[in-house]
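> One letter stands for each residue in the lines below.
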Amino acid sequence: MSAQVPVDPRLVSDAPGPKGAWVAWRRRLAQGELGSLPVLVGLASIWLLFSFANPRFLSAVNLTNLMLQISAMGTLSVGLVLVLLLGEIDLSAGAVSGLAAAVMATLSVQRGWAPVPALLAGLGTGAAVGLFHGLWMTWLRVPSFVVTLAGLLGWQGALLSVLGATGTVNLTDEVILALTGTFFPPAVAWGAAGVVIALHGATVALGRRRRAAAGLPLPPWRHTLMTVAGPAVVIVAAVAVFSWDRGLPLAVVLFAGLASGVEWMLRRTRFGRHVFAVGGNAEAARRAGIRVRGVRVAVFTLASTLAAAGGILAGSRLMAVNQSSGSGDVLLNAIAAAVIGGTSLFGGRGSAWSALLGALVIGSISNGMDLLALSSSVKFMVTGGVLLVAASIDALSRRERQAAGRA
Amino acid sequence: MAATPLLELKGITRHFGAIQALRQVDFEVHAGEVVALVGDNGAGKSTLVKTLAGILPVEEGQVFFEGQPVRLTGPQSATALGVATVYQDLALCDNLDVVGNLFLGRELTARGPGGLDETTMEVQATQLLRRLSVSLPSVRTQVAALSGGQRQSIAVARAMMGSPRVVLLDEPTAALGVAQTRQVLDLIRRLREQGLGVVVISHNLVDVFSVANRIVVMRLGRRVATFDTKAAREVDVVAAITGVDTTESNPRLTAEAP
Ligand SMILES: Nc1ncnc2c1ncn2[C@@H]1O[C@H](COP(=O)(O)OP(=O)(O)OP(=O)(O)O)[C@@H](O)[C@H]1O
Ligand SMILES: [Mg+2]
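Chains as they are written, first to last, in this note's numbering: chain A, 1 to 407; chain B, 408 to 665.
Quick caveat, the hints were computed from the structure, so don't treat them as lab data.
Don't be surprised by glycine CBs; every beta carbon is placed ideally from N, CA and C.
A portion of the hints provided could be inaccurate.
[Claimed, not checked] A few chain A residues that face chain B, going by a derived Cβ cut-off under 7 Å, partial list only:
1) 166
2) 208
3) 209
4) 284
5) 289
6) 290
7) 292
8) 293
9) 298
[Unchecked claim] Stretch-level coverage of chain B by chain A, calculated; a stretch enters the list once three of its residues show a Cβ under 8 Å from a Cβ in chain A:
10) 582-590
11) 636-646
[As the list claims (entries may be wrong)] Restraint-style ranges between C-beta atoms, simulated for each label pair:
12) B:487 x A:269: 42 to 52 Å
13) A:269 x B:480: 21 to 31 Å
14) A:124 x B:433: 31 to 41 Å
15) B:487 x A:146: 28 to 38 Å
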C-alpha cells in the first residue's frame with residue numbers, strides 16, 4: 001500500500017529549523033488556531049505574579065497542595081469537557097458529585113459496606129443519574145440546560161435526604177481515605193514517569209514508522225520531537241516537585257490518568273470521533289449513520305460518572321461528606337476550568353487537557369490569594385475576570401477562524 | 408435493463424406543516440441506469456432524495472428494493488441496502504479533517520489497543536481522492552478550510568466509500584470547476600457501467616442530457632413527466648419543468664398572433 005502524494009504547490013511549506021517553526025506558528029495564530037497557547041501564557045503570568053508576591057507559592061509543598069486541591073474539581077471538569085464538546089451543558093455536575101459522595105459515605109460508615117462496593121455504588125449513582133439525564137433530554141427533546149438545572153436542584157435535595165438529620169458523615173474507611181492520603185515514594189514515582197514517557201515516545205515513533213511505511217507525508221522532525229519532549233519535560237518537572245515534598249500523590253495520578261484516558265478516547269476511538277462529529281454538525285453525523293442520541297446519552301452518563309469520581313475524591317480529602325459537598329463554587333469552577341483551558345462553548349473543539357490546564361489556572365488563583373491572605377471576595381472577582389477573558393478569547397479566535405474560513 | 412427496478416418508491420407523500428412537498432410520487436431506478444431528476448426550485452427533488460436516503464421518514468407510500476418491500480427507518484437502513492447519498496447541503500463536519508469526514512460513521516480500527524487506524528484511513532482517502540482527481544493541499548486539512556468546490560468533491564467522494572449499489576447525487580456539480588464537473592460526470596458514467604443505479608439532480612440540462620438515460624421531471628411536488636433521453640428534446644423537458652406549453656411561450660409563435 002503506497003500513496004506517494006505530490007506536494008500541492010499551494011501548500012505553504014516552511015523553512016526547516018526554528019525560523020520555519022516560528023513562521024508556521026505565527027501563521028496558525030493569525031488564523032485563530034490558538035490551541036492551549038492563551039492558557040499557558042496565562043498560567044505562566046499567574047505563577048510569576050504570585051511567586052513575586054510570595055516566594056512560598058512556588059515551593060514544592062505548596063505546588064503539591066495545589067495539585068491536591070484541584071484534583072477533585074478537575075475530575076468534574078474532564079466530564080464537563082465531554083459535554084461541552086457536544087455543545088451542551090451539565091449544570092448538575094456539582095450536585096451529582098455531592099450525592100455520589102454521600103451515597104458512598106453512608107454505605108461505608110452507616111451500613112458498614114466494604115470500601116470497594118461502597119466506591120462502586122458511589123460511581124454507579126453518578127452513572128445512573130447521567131443516564132437518566134441523557135435519556136430524558138433525548139427522548140423528550142428537552143434542552144440539557146433545563147434537564148441539568150432541574151438536576152442541580154433535585155440532586156441537591158437527594159443529597160440532603162441521604163445524609164439524614166445530622167447532615168454530616170465522617171469518613172473512617174482507610175481505603176477511601178487513602179485515595180487522597182497516599183503518596184508514592186520518589187523511586188516509584190520516577191519509575192512510573194519513565195514508563196509513561198517511554199510508552200508515549202514509543203507510540204509516537206511507531207506512528208511515524210507506520211506513516212513512513214505507507215508512503216504518507218511525514219511531519220517535520222522538530223514537530224515529532226516536540227510531541228515527545230514537551231510532555232516528558234512536564235512529567236519530569238512534576239515528579240521532581242512531588243519527590244521534593246511528600247511524594248507523588250495518588251489523587252493526582254487518578255486525576256491525570258482520567259484526563260489522559262478521556263483524551264485517548266476522544267482522539268483514538270470511534271466513539272471519540274463521533275463525539276466531535278455530533279458537536280461539529282449533528283445533522284451530518286446523523287446522516288453518516290451515527291446514533292446521535294446514543295452518543296448524547298453516553299456522554300452525559302460518562303460526565304456524571306466523572307462528576308461522581310470527583311465528588312468521591314473531594315470527600316476523601318475532606319474526610320467527610322456534608323450538606324455543602326459539591327455545592328458552592330464547585331460546579332462553576334469546573335465549567336470555568338474547561339473553558340479557560342480552551343474547550344469551546346460552541347461545541348466540537350477542545351480536549352481533555354483543557355480541564356487540567358484550566359483547573360491549574362483556577363486553583364493557582366485561589367491558592368495564591370489564600371497565601372496572600374486576600375478575602376474570598378477578591379478571589380471570586382479575579383476568577384470571574386479570568387473566565388471572562390478566556391471565553392472572549394474563544395469567541396474572538398472563532399471569529400478569526402471564520403475570517404480565515406476555518407469555522 | 409432489468410425488469411424489476413433496483414430501488415422503487417410508490418405513492419410517496421410528504422408534508423412539511425401546511426406544505427405538501429411530495430404528492431403521490433412514484434419513482435424508480437434500475438441497475439445500470441442513470442436517472443436525472445429535474446424540476447424548478449422547491450419542486451421536491453431534495454425531499455424525494457432524502458426520503459430515499461432514509462433521513463426523512465416515509466409518511467405515506469411504499470419502498471421496494473429489488474422488488475422486496477423494505478422499511479427505511481433511518482440513514483443506517485438505507486446504507487445497509489447500499490444506498491449512498493451526496494446531499495445538496497453537503498452534510499460535512501467542519502471541525503473534522505478530510506479523512507475524518509470521508510470515514511465518518513465507518514471508521515477503521517486497528518486490532519489491539521491502538522484504536523482508530525489513521526494510517527490506513529489516510530492511505531485509502533488519498534487513493535480515492537486521486538482517483539476522483541480531487542485536488543487538495545492536504546487530506547489533513549479541516550474541512551472548514553476548504554473551498555466550496557473542494558467541499559463538494561469531498562461530499563461526492565464520501566458517497567463512493569464502501570461499495571454502494573445505488574448512488575443519489577443532489578446537485579453534485581453545482582459548485583464545481585470545469586475539470587471537476589467532467590470528473591463527476593465521468594464518475595457517474597463509470598458507476599452506471601459497473602451496474603449501479605444512479606440518481607442525479609441537476610439544473611444543468613446539458614449535463615443531464617450528457618449522462619442520463621431517463622429524465623424524470625417534478626413540478627410542485629408531483630412527478631409530471633418522464634423522458635427517454637435519446638428521444639427527448641430539450642424544449643420539451645423545459646416545458647415540463649416550467650409547466651408552460653411550448654407553443655404558448657415560444658416568442659416566435661406569439662409574435663405572429665396579433
Ligand atoms: N425541512 C423542511 N421544513 C419545511 N419545509 C421544507 C423542508 N424541506 C423542504 N421543504 C419544502 O418542501 C418543498 C420542496 O423542497 P425541496 O428541497 O425538496 O426542493 P428542491 O426541488 O430540492 O429545490 P431546489 O432545486 O431549490 O434544491 C419546498 O417548498 C420547501 O419549502
Ligand atoms: Mg434541492
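> Honestly, which of those hints from before does the structure not fit?
1, 2, 3, 7, 8, 9, 10, 11, 12, 14
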